[in-house]
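Participant: What follows is each chain in one-letter form.
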Amino acid sequence: MDASTWVAKRPEPSALARLFDYKPFLIAVCLFPAVGLLVVFLTYPLGLGVYLAFTDTQIGGNGKWIGLLNFIDLMEDPIFLQSVWWTFVYTAIATVGKFALGLWLALLLNDNIPFKSAIRAIILLPYIVPTVLSAIAWWWIYDPQFSIISYVVVDQLGLRERYYDFLGEPWPARWSLIVANIWRGIPFVAITLLAGLQTISPSLYEAAMLDGASGWQRFRRITAPLLMPILAIVMTFSVLFTFTDFQLVYAITRGGPINSTHLMATLAFQRGIPAGQLGEGAAIAVAMIPFLVFATLFSYYALGNRKWQQGSDND
Amino acid sequence: MTEAAKPLSSINTRVDSEVQGGVTEAEGPQMMSWDSHTRRWVVVYIPLLIFLFVLLFPFYWMGVTTFKPDSELLDFKNNNPFWVANPTLANINKLIFETDYTHWLVTTMFVAVGSTFLSILASVLAAYAIQRLRFKGSDYVGLAIYAAYLVPPSILFIPLAQVVFEMGLYDTSFALILTYPTFLVPFCTWLLIGYFKSIPYELEECALIDGASRLQILRRITLPLAVPGLISAGIFAFTLSWNEFIYALAFISSTENKTVPVAILTELVSGDVYHWGALMAGALLGSLPVAIFYMFFVEYYVSSLTGAVKE
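Heads up: the sequence lines are chains A and B, in that order.
All you need for our numbering is the position in the first sequence, starting with 1, plus 912.
All you need for our numbering is the position in the second sequence, starting with 1, plus 47.
It should be emphasised that the hints constitute simulated quantities derived from the structure, not laboratory data.
Take the hints with a grain of salt, since some may be wrong.
Claimed, not checked - Derived SDA-like pairs (lysine to any residue); straight-line CA-CA distance at most 20 Å: (1) 935/A with 263/B; (2) 183/B with 933/A; (3) 244/B with 266/B; (4) 183/B with 193/B; (5) 1028/A with 87/B; (6) 244/B with 268/B; (7) 935/A with 264/B; (8) 976/A with 1188/A; (9) 935/A with 184/B; (10) 124/B with 1074/A.
Every value quoted in this text rests on a predicted model; they were computed, and no experiment measured them.
Here chain A stands alone, though its shape is the one from the complex (with noise of 0.2 Å):
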């Protein structure tokens, strides 16, 4: 058999498998359920938000276009002023708690010690664990008559006369508040800055030590450059969450007392849910859209940037 007559023995493929090798036709049938999902669960509601935000809409009924009147009205309610001022305030005291804290924590962890690995593990719990429940489970630490604070305090210690009241007046309540977000946050931020931690060459360490740096220089000058694009994302993530955050407040004190720790989450569901008014509750949403986009945009550019500012040889 010479080469001339030789035939191809592979069957022809269906005109089914010829068209799923067809190659557009492919990535238009792949991209399909990911796209499809995302424009008509949030592309589409997002859209439909800012709509929303101005109409009076209420649930069960059409609204109609009132223009800007639901972010007038807001400008003129104190709750929601206020929702706004303590939600920057929330926001800007726990990212910094959760940052100091949480570096120092991955700063520990990096050293050299026992049992690392089953540490890094327990450490993640109050990340993986429903957050509502460990915030019930801070409501319960919290309770007025029955804190274990207040008992070691006040029974065991004898510093105090009384019992804390954690969560009925408005300033106790929000630095209870606060403390919680800032225990759920360390985790995450630990175990992500280690992770950057681990990429730091530990030639770097010696080569400064050689040179007579100090251990405050070497944290200065070594690990605070190179950690800071890792830094930046994990700030940008945890700044966006800390400031939609809705599920600790909404456990712990549903906004109360008297709406001090409304955040504007928490006061955009209470008003859109289950008072019924969508169109007010999406105004207040809406109203975080330009936070969320400038702090992502400010995160990214000057934070973000200092990775090509000291060179790419270290990456």
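Guided by the hints, dock chain B onto chain A, whose structure is given.
Facilitator: Just chain B, lined up with the frame of chain A:
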């Protein structure tokens, strides 16, 4: 850091003692031992133990409260609140037999498994198209999908409630199964793109030359090699859907369709008297499935968490 520091400082002392004769010989090792023991306890171990205590205490407190009888629960004067003198299963009993708890567990499991499955399916196909089929603008599609992760549920739930209502899905588990992918798909797609990148393209080229179709390549070559990535994505998606709260709170109204986190907060908290024992039992049992699941796959979990951030 000290891993590198130890050999170095020992070199230093050796050099010092050689230079200065026997003077530092007695001081050197002493300082070293203070440095590596006492100082290490103060600087590393004690702060670490405090961190562990604070991070774990709420769970311990949750567990202890679950097994306390009411008499101990509400009386700190005659009992040590940190321990259970007479453990009881009354709270768990009450939770399981006097509420719909088992029903909520089944619903949550159904929703978590359903949305995880749907998200993984969509993400695998999308990641394959973006990373392997490569087309004009595929990078932008990838970026757009990832940007979707930056849209938080708190600004979406109000319009989504209307969408769900118009689709006739309000108060059904399908409302949750279809909406959870909005935050699961972006994350899983990004994770899988990273995994697909690590698989040599040559393998696929060989298969193409041997006459395999694109779908056969995906099924026989790419997917089996991406199994660790699939597991990571699956675990992450499962935990996130188990923990989801705001959509479940907004889209479900009837008691029997609620998921565990929502049901505990809205059904067990009634009036002014809180049944702390039952509440804590509910929180503990609701946390256990994810905690156990997590313990089996810790390494995958940590790698996906850190890998996603590093990308």
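Participant: Hint by hint, say whether it matches the structure.
Facilitator: Against the structure, the hints:
1. 935/A with 263/B: holds, 14 Å
2. 183/B with 933/A: holds, 18 Å
3. 244/B with 266/B: holds, 16 Å
4. 183/B with 193/B: Holds, at roughly 18 Å.
5. 1028/A with 87/B: Roughly 15 Å between the alpha carbons, so the hint for residue 1028/A and residue 87/B holds.
6. 244/B with 268/B: holds, 14 Å
7. 935/A with 264/B: Measuring from Cα to Cα gives roughly 13 Å; hence the hint holds.
8. 976/A with 1188/A: Within the cut-off at roughly 15 Å; holds.
9. 935/A with 184/B: Holds: residue 935/A and residue 184/B sit about 15 Å apart, inside 20 Å.
10. 124/B with 1074/A: This hinted pair holds, its Cα atoms lying about 15 Å apart.
Checked against the numbered hints listed earlier, the structure breaks none of them; every hint is satisfied.
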